[in-house]
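> One letter stands for each residue in the lines below.
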Amino acid sequence: MANPEISNNIPLQKKRRKGVFYELFIKHPLLTLMIAPAVIYVFVFSYLPMAGIVIAFKDYTYTKGIFGSDWAGFKNFAFLFQTGVIYRVTINTILYNLAFLTVDITVQITIAVFLSELSNKYFKKITQTMLLFPFFISWVVAGAIVFNILSYRFGVINNILTYLGKEKVDIMNNPVIWPPIIVFFRMWKGVGYGSIVYLANIMGIDQEIYEAAKIDGANVFQRIKHITLPLLKPTVVILILLNLGNIIRGDFAMFYNLTGNNALLLDVTDIIDTFVYRSLMTMQNYSMSTAAGLYQSVLGFFIIITVNAIIKKVQPDYTLF
Amino acid sequence: MVKLSRDERIFHTLGYIFVGFMALICVFPMYLIIVGSFMSNEVIVKYGFSLWPSSFSLDAYKLLFSNPKHILDAYKVTIIVTACGTLLLLFLCTMTGYVLSRKDYKYRNKFSFYFFFTTIFGGGLVPFYILAVNYLKFKEHPLIAMIAPGIFGYFYVIIIRTYMSKIPSSIVESVKIDGANDFVIYARIIMPISKPILATVGLFSALGYWNDWFNCMLFVSNKQYYNLQYYLYTTLNSVAPMNAVMANANISYTSPPTHTFKLAMTIVTIGPILLLYPFLQKYFIKGIAVGAVKG
Numbered sequence: 001m002a003n004p005e006i007s008n009n010i011p012l013q014k015k016r017r018k019g020v021f022y023e024l025f026i027k028h029p030l031l032t033l034m035i036a037p038a039v040i041y042v043f044v045f046s047y048l049p050m051a052g053i054v055i056a057f058k059d060y061t062y063t064k065g066i067f068g069s070d071w072a073g074f075k076n077f078a079f080l081f082q083t084g085v086i087y088r089v090t091i092n093t094i095l096y097n098l099a100f101l102t103v104d105i106t107v108q109i110t111i112a113v114f115l116s117e118l119s120n121k122y123f124k125k126i127t128q129t130m131l132l133f134p135f136f137i138s139w140v141v142a143g144a145i146v147f148n149i150l151s152y153r154f155g156v157i158n159n160i161l162t163y164l165g166k167e168k169v170d171i172m173n174n175p176v177i178w179p180p181i182i183v184f185f186r187m188w189k190g191v192g193y194g195s196i197v198y199l200a201n202i203m204g205i206d207q208e209i210y211e212a213a214k215i216d217g218a219n220v221f222q223r224i225k226h227i228t229l230p231l232l233k234p235t236v237v238i239l240i241l242l243n244l245g246n247i248i249r250g251d252f253a254m255f256y257n258l259t260g261n262n263a264l265l266l267d268v269t270d271i272i273d274t275f276v277y278r279s280l281m282t283m284q285n286y287s288m289s290t291a292a293g294l295y296q297s298v299l300g301f302f303i304i305i306t307v308n309a310i311i312k313k314v315q316p317d318y319t320l321f
Numbered sequence: 322m323v324k325l326s327r328d329e330r331i332f333h334t335l336g337y338i339f340v341g342f343m344a345l346i347c348v349f350p351m352y353l354i355i356v357g358s359f360m361s362n363e364v365i366v367k368y369g370f371s372l373w374p375s376s377f378s379l380d381a382y383k384l385l386f387s388n389p390k391h392i393l394d395a396y397k398v399t400i401i402v403t404a405c406g407t408l409l410l411l412f413l414c415t416m417t418g419y420v421l422s423r424k425d426y427k428y429r430n431k432f433s434f435y436f437f438f439t440t441i442f443g444g445g446l447v448p449f450y451i452l453a454v455n456y457l458k459f460k461e462h463p464l465i466a467m468i469a470p471g472i473f474g475y476f477y478v479i480i481i482r483t484y485m486s487k488i489p490s491s492i493v494e495s496v497k498i499d500g501a502n503d504f505v506i507y508a509r510i511i512m513p514i515s516k517p518i519l520a521t522v523g524l525f526s527a528l529g530y531w532n533d534w535f536n537c538m539l540f541v542s543n544k545q546y547y548n549l550q551y552y553l554y555t556t557l558n559s560v561a562p563m564n565a566v567m568a569n570a571n572i573s574y575t576s577p578p579t580h581t582f583k584l585a586m587t588i589v590t591i592g593p594i595l596l597l598y599p600f601l602q603k604y605f606i607k608g609i610a611v612g613a614v615k616g
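Read top to bottom, the protein sequences are chains V and H.
Numbered according to the numbering used here, the first sequence spans residues 1 to 321.
Numbered according to the numbering used here, the second sequence spans residues 322 to 616.
Isolated chain V, as found in the complex (with noise of 0.2 Å):
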C-alpha cells in the first residue's frame, strides 16, 4: 500500500517517467482495484459483443461458430436494402422519435408552466403524484390496458360504441390508428417524469424577474412568454438534442407490448429493434438481425458525434464528451 503522503512528494519529472503502471498500480493500487471490477464487465458485456460485429460479414451457423462461420462479405447488408425492409423500419423509427419528442416536450412544458404557476398546494402535490403513476407501470401492464381499452370483442371503447347503437370498430388490427396510439401511450408514460424535470428548472428561475415584470404591470401570459418560455430554452435545446443523438433507437419493451407483436400493423409499428428481434427469434437469421444492429449502431454513432459538434457550438457545457 502506498503512502500517499510520500507520493504526492514525488516530483512531477519523475512521475511521468514511471507513466501508466506507476500511476495505477503503484501510486493507487487500490483504486485501481476498485474500478476494475466495472472495467472488467464493461468489457465482457459491451465490448466482447463489439467482436461480435463480424457475425453481420458471414453465414453464421450455429455449428461452426462465430470464428468458423464463412465470409459471406456484404451480402446480408445488400439483402437488407434490395428488400427496402431496412429503409421501412428507419423511417418508422426516426419518424415516431420525432413526434414523441414533439408531443412529449409540448405536454411536459405546459403542465409545468401551469404547476408552476397554480396555488393550490394540495392539487399541485395531488396531481404530481397521479401523473408519474404511469412511470412506474411495465409496459407488460401497459399492452393489457391497450387490450383492456382497444379491443375489437371486449373493449371499452366498443363497449360504449355498442351502447350508443354505433357500428364497432376494428381498432386493434387497423394500421392507420396506431401511430397516434403509440405517441399517446409513450406521452402517458412519460409526462410525469418530464413534467418534474421542467418543473424543477422552472423553480430555479430567479422569482425577483417575476415580481419586477408583475410591478411593470406583465399579465401572466406575457410573464410566461417573455420569462418562463425564454429561460427554459437552454434545457428544451439540451434535451431536444440528446434526443435527437438517440433518434435512430427505439423502446423495444414499448413497440413489443403495445402491438402485442401483431402482425398485421408491422408496416406502420416495425421499428428497428423489433425487427433486429424478430429476425433473430422467430427467422433464427442471425447474421442478418447483426447487420441490421451494426446499421443501427453505426447509424447511430455518426449521430451522436454530430449532434455533440452541434451542442460544442451552442452550449458548450453540456457536451457529451
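If you are wondering where the hints come from, they were derived from the structure by calculation, not from laboratory data.
Computed list of lysine-lysine pairs in DSS-like fashion (alpha-carbon distance at most 30 Å, straight line):
| no. | chain 1 | residue 1 | chain 2 | residue 2 |
| --- | --- | --- | --- | --- |
| 1 | V | 225 | V | 214 |
| 2 | H | 487 | V | 233 |
| 3 | H | 324 | V | 225 |
| 4 | V | 125 | H | 607 |
| 5 | H | 460 | V | 64 |
| 6 | H | 324 | V | 124 |
| 7 | V | 125 | H | 516 |
| 8 | V | 64 | V | 75 |
| 9 | H | 367 | V | 168 |
| 10 | H | 487 | V | 312 |
| 11 | V | 121 | V | 225 |
| 12 | V | 125 | H | 324 |
| 13 | V | 233 | H | 603 |
| 14 | V | 166 | H | 367 |
| 15 | V | 121 | H | 516 |
| 16 | H | 603 | V | 125 |
| 17 | H | 458 | V | 64 |
| 18 | H | 607 | V | 124 |
| 19 | V | 214 | H | 324 |
| 20 | H | 544 | H | 458 |
| 21 | H | 487 | H | 431 |
| 22 | H | 497 | H | 427 |
| 23 | V | 312 | H | 424 |
| 24 | H | 603 | V | 124 |
| 25 | H | 458 | H | 397 |
| 26 | H | 424 | V | 313 |
| 27 | V | 313 | H | 487 |
| 28 | H | 607 | V | 225 |
| 29 | H | 497 | H | 424 |
| 30 | H | 607 | H | 424 |
| 31 | V | 125 | V | 233 |
| 32 | V | 225 | V | 312 |
| 33 | H | 607 | V | 233 |
| 34 | H | 431 | V | 313 |
| 35 | H | 516 | H | 431 |
| 36 | V | 121 | H | 603 |
With chain V's structure known, arrange chain H on it following the hints.
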C-alpha cells in the same frame, strides 16, 4: 390570500382543467383494470369491459389464490432478482463513481471514456445474445441471466460521481492522516454521506429490475424461474398459464374466468407498487429533480 387578477383567474382555471384532466388520464386505465378484475366473466364475454362495475364477482381472485404456487414462484424470483440486482448495482456503481470522483486519480477521464463509449456504440442484440447463451451459459443460470445484464449503468455512475465530487476533500484528507486506506474511506466515510443519492439510484434500479421482462423472455425457459412481469406477459398472451392454475385448483367452472383472470393477475403483479407508491413517490420526485438540474 393574494387576490388574483383577471388574467390570472383565466390562467388558473385553464391550468386546473388541463392538469387535472391529464392527471386523471394517467390513473384512469388502472381504474379500468381494477373494475374489470372484479367483474363477472360472463358479463365481459357478452358485453365486453365497461366503464362502470356492472356486475361483481371474485371468481378470478378465488381461482388465482386457490393455487397460488405459480404467482408465488414468480414473486420469489422477482424479489430475489430485484434485491440482489439493486445491491450489486449500488456496490459496483458507487465504487466506480467514487474512484472517478477522485481528482488525484490520473486516468479517471480515460476510464470515464472507456465506460461512456459503450453508450454510443455497441455490438447490438445478437452478439450479446450469442455471448450470453453460448459462452456465459445464461440459459442454465436463469437468476444470473436476469441479474447480471443490469448491474452497471453509466448514467448512475455519473450521478454518483457528481454527488461524491462535491464532498469536501478536507474530510477525506483528515481520515487519510489517520491512516485509512482508499477502500476504508469509500466504505466508512463516503458511503454514509452519500445516502441520499444511494436511495435515489437504488429506487430507480429496483424499479428497473421489478419491471424487467426482456431478459427473462430472452434467457429463461424454465417456468419456475419466470419473473412476475414475464409470467404476466404469458398469462396475457395465452390461456396456458390459467389452465395450469386451474388444473390444480379444486374449482369447477362452466366457463372459466379467462378475461378477469388476466386482469386480476395484472393487479396482483403491480400490487406492491400500488401499495408502496404513495410512500415512495416523493423520493422519486426529489431524485428526478436532482437529475434535472444536472441536465
